[in-house]
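> Letter by letter, the chains look like this.
2 protein chains.
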Amino acid sequence: MELYVNFEIPRELEEELGRHFRVVKGGDLSRVEAALVSKLTPEELAKMPRLRFIQVVTAGLDHLPWEHIPPHVAVAGNAGSNADAVVEFALGMLLAAFKRVFYYSEKMRRGDYGKDIPVPVLAGKKVAVLGLGEIGSRAARALAALGAEVWGFARTPRDGPWRFTDRLEEALRGAYAAVCALPLTKHTRGLVRYEHLALMREDAVFVNVGRAEVVDREGALRIVKERPRFVFASDVWWSRHDFSKDAEFFALPNVIATPWVAGGYGSEEVWRRMVEEAVRNLITWASGGRPRNVARREDYI
Amino acid sequence: MELYVNFEIPRELEEELGRHFRVVKGGDLSRVEAALVSKLTPEELAKMPRLRFIQVVTAGLDHLPWEHIPPHVAVAGNAGSNADAVVEFALGMLLAAFKRVFYYSEKMRRGDYGKDIPVPVLAGKKVAVLGLGEIGSRAARALAALGAEVWGFARTPRDGPWRFTDRLEEALRGAYAAVCALPLTKHTRGLVRYEHLALMREDAVFVNVGRAEVVDREGALRIVKERPRFVFASDVWWSRHDFSKDAEFFALPNVIATPWVAGGYGSEEVWRRMVEEAVRNLITWASGGRPRNVARREDYI
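The listed protein sequences correspond, in order, to chains A and B. Going by full-length UniProt numbering, the first sequence opens with residue 1, and the numbers climb by one from there. Going by full-length UniProt numbering, the second sequence opens with residue 1, and the numbers climb by one from there.
Okay, chain A solo, but in the shape it has when bound (with noise of 0.2 angstroms):
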């Protein structure tokens, strides 16, 4: 069976393909009937009339041209490939900025020495957790061994330490905190909206580590502008890689900023188990298994 790789692999997890499938790395695709892949166009869609499986190396899945991948064919994602990755930065951003330290501290680096706003504690105080998958359900985890009282949304009940609510504004009505860890699909697009973040204390930390479209561009920006004391915390930005579009969020002192890297930029270590978990997921579909992270293609068309 030929399988397209459209990206550099490590030499070893080549060879593993090698002995379960044809590699092909472009030319002629005619013959291919399973890619792996992290970005994939329209164009090499076109050239692989007999694809009947796609594996993608990333977590999300938002970024693929689902116009253009007919139904039959399986999507797979890699969700849980990074995520402890993004939970550790996630806890950071929202521990950081709950406990005043970038307050503190650029204040600080300014030669104010002067202590005003109090540092609250976060054990015993209400979280909400945004998206209950592999990244939300264990920054959930985390966040109830400390201590707080967290509430875990999603569509689907998932048991874990938090109470389960499908509703929004139940999970965020009165939370001192919360972080969004939801995928970006036509169900999440704009759902974090203005009323919701409201709902939340004047003082309250927003942090999110999944895709920024999840939340309403206007009500982030409104929200920060009326509300001092409150912090949102981001690493994904509507501009995408664009980060100039979205310069009016960086400069408001109660917004914390990183430049989408909280999947491990640059981190040789975390994208290597990406892909071994990729080609695993793979491998484990061309010998007749069932492959993990398969998509719902209903929730992207």
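Please note that a few of the clues may not be correct.
When chains are identical, the list treats them as one kind, so a pair holds in a single copy or across two.
Here are the simulated DSS-like cross-link-like pairs (lysine-lysine), alpha carbons at most 30 angstroms apart as the crow flies [as the list claims (entries may be wrong)]:
#1 Lys245 / Lys25
#2 Lys245 / Lys107
#3 Lys39 / Lys225
#4 Lys115 / Lys225
#5 Lys225 / Lys126
#6 Lys225 / Lys107
#7 Lys225 / Lys186
#8 Lys186 / Lys39
Rather than coming from a laboratory, the hints here were simulated on the basis of the structure.
Go by the hints and put chain B onto chain A.
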């Protein structure tokens, strides 16, 4: 029995004390046998010839005038009463520094959107925790739960999800990060020197939420100047509250500084819990029980 209290405590806690003691707040202290204090001066001590027990409301006891406390007077601290608050703060500092959140958010603030240094993963990495009291052991548990390989350093072995060592060199050698939560005693003053910090990785993160004086000031300054990727994040400073004397640290991009606020600065909730714990311990002593956190005099003199 007469009890001397030298700071404001909530009314209902004072009423509780009133059921066990005759509370005095000044004037004639000659019949005082116990004291509940935050600080204590040699002058106050001189007025209390019948003093037998001092309950301090803070966890640290290094600020007491030990030379003026007679050897027969027992001194109890309040370790653990604000441990939650400090642990959350230490984790926020450590994770935000280790995941390069400070680095990238400062860059974004300046309009520099370039990605350069990688964002590493903590899971699987060696992290040292110095001091295994309430704060150290809780921080160590949280780090172990995130998958870090935790090395716990203390004088006396304590079991937990860490490798114990009583050798500082062993704890720090090759470590990616360290949290210092040692008490300041005559044994720990100046304990962590340049040669110890230099055993850590080039880009390691050292977090101090204990007492500044445990770390040698010149050693810390030398390491952050020599190693631009080393991060020194601290809530405590050698100048204590006159932060301007340590300003040369705050100007460095690889120093994260906060103004001694980790213990829940300004948080009524934390303060209330501290006073409650101190009152409970004092009543245990007055009722003939065994009070917690009794200091070893020889650690200070």
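> Give a verdict on every hint.
To see whether the hints hold, each was checked on the structure:
1. Lys245 / Lys25: Classified as neither; 35 angstroms inside a copy, 61 angstroms across copies.
2. Lys245 / Lys107: both (27 angstroms within a copy, 16 angstroms between copies)
3. Lys39 / Lys225: neither (36 angstroms within a copy, 42 angstroms between copies)
4. Lys115 / Lys225: both (23 angstroms within a copy, 27 angstroms between copies)
5. Lys225 / Lys126: within (23 angstroms within a copy, 41 angstroms between copies)
6. Lys225 / Lys107: both (20 angstroms within a copy, 21 angstroms between copies)
7. Lys225 / Lys186: Classified as within; 28 angstroms inside a copy, 50 angstroms across copies.
8. Lys186 / Lys39: For Lys186 and Lys39, only the intra-copy Cα distance (19 angstroms) is at most 30 angstroms; the inter-copy one is 60 angstroms.
In summary, the numbered hints that this structure violates are 1, 3.
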